[in-house]
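From first to last, the protein sequence lines are chains A and B.
Take 288 as the starting number for the first sequence in the working numbering and just add one per residue.
Take 56 as the starting number for the second sequence in the working numbering and just add one per residue.
Because the hints were derived from the structure by calculation, they are not lab data.
A few of these clues could be false.
What the hints assert, rightly or not - Straight-line alpha carbon distances no greater than 25 Å define the calculated PhoX-like cross-link-like pairs of lysine-lysine that follow:
no.: 1; chain 1: A; residue 1: K337; chain 2: A; residue 2: K317
no.: 2; chain 1: B; residue 1: K132; chain 2: A; residue 2: K399
no.: 3; chain 1: B; residue 1: K132; chain 2: A; residue 2: K317
no.: 4; chain 1: B; residue 1: K116; chain 2: A; residue 2: K317
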Amino acid sequence: MIEFISQPWPWYVSGTVIALIMALLLFFGKSFGFSSNLRVICAACGAGKKVKFFDYDWRSQTWNLLFLVGAIIGGFIASEFLSTGEAVQISQATIQDLRQLGISAPEALQPKEIFSLDSLFTVKGFLILLLGGFMIGFGSRYAGGCTSGHAISGLSNLQLPSLIAVIGFFIGGMITTFVLLPLIF
Amino acid sequence: MKGIKFILAGILFGIVMSKSEAISWFRIQEMFRFQSFHMYGIIGTAVVLGVIITYVIKKYKLRDYEGNPIVFTPKEKSVSRYLIGGIIFGLGWALTGACPGPLFVNLGHGFWAILLTILGAIVGTFTYGVVKDRLPH
């Protein structure tokens with residue numbers, strides 16, 4: 288059983304489990320949206336004293352922080368107990384495109400060119416991780432949600448704003464992929 | 056103890072994001088290059104089932120475990136905030152290969168460098184709160 292679930296999961300199993308998580312949270316009286324946690328963290332750190340946007344009842348969102356803690360634990364369990372340690376099986380076309388950028392084929396889950404501590408301590412590596420994070424935080428709050436809030440919860444509720452946001456996600460993602468990455472690497 | 060179910064749901068989320076490889080920078084690159092069906096299959100399956108789940112909940116006016124009605128808040132109407140905010144988000148998503156959930160799942164995997172991205176995301180959220188009223192919404 289453990290061996291079985293340690294294989295990478297097919298897309299239809301993964302998608303089904305994600306929908307199940309959304310349903311579970313609805314049944315718990317909440318809604319699935321991960322990036323709200325970033326606002327909660329700002330508010331919990333006292334940002335509400337200075338900035339009105341963070342002056343709200345963040346304690347009512349404690350459940351979402353618990354979900355966040357669970358996500359970290361889940362990642363730990365997956366890497367410690369449910370992993371075969373094999374490289375991500377991405378398509379040959381992607382491997383070749385990335386090789387042209389100077390990023391080697393997958394040896395694990397993440398590219399060492401970005402996530403190793405060695406690259407973290409280069410100017411380029413430092414800025415990629417920091418500015419990338421900044422845009423994720425700024426953009427998700429500006430758009431009022433991220434992949435879970437818009438692409439999953441919002442589209443499931445047939446919300447046009449969520450479709451616009453998801454289109455935006457892809458425009459931004461393609462600009463990075465086809466314009467920024469070749470400039471950076 | 057009421058909170059434990061949210062931790063368990065989070066653990067399931069962390070595992071599925073890991074085992075689907077959706078937390079991998081490589082998978083996100085493959086998606087934005089349209090070179091594999093994998094990520095589209097994941098999101099597509101979740102959305103199709105999500106639409107059915109949402110429809111059933113509304114149609115049969117299902118209630119949550121405490122007996123309260125399950126309500127869906129419609130998003131405010133706008134184009135600019137979703138498009139501009141979405142583009143900025145997408146820029147960061149493709150750069151780091153992680154959206155907010157996977158940032159933390161990756162932390163569980165011991166990719167410590169991602170702490171810098173998490174810090175960036177918190178600062179980005181804070182900055183949005185500061186300049187919010189000066190942005191088109």
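Taking only the CA atoms, is the gap from K337(A) to K317(A) under or equal to 25 Å? Distance of about 28 Å is beyond 25 Å: violated.
Pairwise hint evaluation, K317(A) against K132(B), where the allowed Cα distance is 25 Å at most: holds, 22 Å
Next pair to validate is K132(B) with K399(A); report whether the Cα-Cα distance is within 25 Å. violated, 42 Å
Within 25 Å, alpha carbon to alpha carbon, are K116(B) and K317(A)? Holds, at about 16 Å.
When held up to the earlier numbered hints, the structure conflicts with 1, 2 and fits the remainder.
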